[in-house]
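Trainee: Following the hints, complete the assembly by docking chain B onto the known chain A.
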Amino acid sequence: QKEVEQDPGPLSVPEGAIVSLNCTYSNSAFQYFMWYRQYSRKGPELLMYTYSSGNKEDGRFTAQVDKSSKYISLFIRDSQPSDSATYLCAMRGYSSASKIIFGSGTRLSIRP
Amino acid sequence: EAQVTQNPRYLITVTGKKLTVTCSQNMNHEYMSWYRQDPGLGLRQIYYSMNVEVTDKGDVPEGYKVSRKEKRNFPLILESPSPNQTSLYFCASSFQGAQQNIQYFGAGTRLSVL
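Residue numbers (the numbering used here), protein chains in the order written: chain A, 1 to 112; chain B, 1001 to 1114.
The hints are simulated quantities; they were obtained by calculation from the structure and are not laboratory data.
Among these hints, one or two may not hold up.
To be verified - A few chain B positions that, by computed beta-carbon distances, are all more than 12 Å from chain A:
id : residue
1  : T1013
2  : E1053
3  : E1062
4  : G1063
5  : S1067
6  : K1069
7  : E1070
8  : E1079
9  : N1101
Said to hold, decoys possible - The calculated EDC-like cross-link candidates involving lysine to aspartate or glutamate, where the alpha carbons are at most 20 Å apart (straight line), are:
id : chain 1 : residue 1 : chain 2 : residue 2
10 : A       : K99       : B       : D1059
11 : A       : K99       : B       : D1038
12 : A       : K99       : B       : E1001
13 : A       : K2        : B       : E1001
14 : A       : K42       : B       : E1001
15 : A       : K99       : B       : E1053
16 : A       : K42       : B       : D1038
17 : A       : K42       : B       : E1053
Claimed, not checked - Selected chain B positions facing chain A (Cβ under 7 Å, derived; list incomplete):
id : residue
18 : V1014
19 : Q1096
20 : G1106
21 : A1107
Owing to the predicted nature of the structure, the values given are computational and were not obtained by experimental measurement.
All C-beta atoms, glycine included, are put in the ideal place defined by N, C-alpha and C.
Isolated chain A (complex conformation) (with noise of 0.2 Å):
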């Protein structure tokens, strides 16, 4: 079983649509939860990061954590279609020597 699950999709909706991605792990020592976006043919980039439960707003996203049962989502409001990438999910744990466990990423198409 993989540590961190992810859809693969590909997930497509209509522009100004409201985006739910998710993801599933299994270690309870995940402590940091990242969300990276990556665009065709470039590196992934930090989209946002939240540390241990709750919730974080920047703008148009929302980023959730939910540790009790090992699930995290991202939600995008009025989505784009400059947001239609891929969005690959991180986690790790608090110490610095912990590395960063990467989903496989969710392809997001936002339909003009």
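Mentor: Frame of chain A, contents of chain B only:
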């Protein structure tokens, strides 16, 4: 401009011919790392370095070597490439500690081994 620079961007080679992919960052980051990205498998760490002269294996180190003689450079060496090393490779860098969550990635190197 803060960036991680990888070269080359594309490389086609033959089995057994040694090659080096270079990585350089201009952000004075202590932590540098190499990943490979394969369909359905996501990003898997090959090697990482916490600082100059400090390197360690990631999840898939077999067939790869690295060195960290200077803080800004972290080359990836394939001594004898094989077809199963055909992949998309990314170099990344960050500061240590909690800042390690903020990884800066290069644009990637697409390698084909025939």
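Trainee: If a hint holds in the structure, say so; if it doesn't, say that too.
Mentor: Do the hints match the structure? See the list:
| no. | hint | result |
| --- | --- | --- |
| 1 | T1013 | holds, 20 Å |
| 2 | E1053 | holds, 17 Å |
| 3 | E1062 | holds, 17 Å |
| 4 | G1063 | holds, 19 Å |
| 5 | S1067 | holds, 20 Å |
| 6 | K1069 | holds, 22 Å |
| 7 | E1070 | holds, 21 Å |
| 8 | E1079 | holds, 24 Å |
| 9 | N1101 | violated, 5 Å |
| 10 | A:K99 with B:D1059 | holds, 10 Å |
| 11 | A:K99 with B:D1038 | holds, 19 Å |
| 12 | A:K99 with B:E1001 | violated, 27 Å |
| 13 | A:K2 with B:E1001 | violated, 37 Å |
| 14 | A:K42 with B:E1001 | holds, 17 Å |
| 15 | A:K99 with B:E1053 | holds, 19 Å |
| 16 | A:K42 with B:D1038 | holds, 14 Å |
| 17 | A:K42 with B:E1053 | violated, 29 Å |
| 18 | V1014 | violated, 25 Å |
| 19 | Q1096 | holds, 5 Å |
| 20 | G1106 | holds, 5 Å |
| 21 | A1107 | holds, 5 Å |
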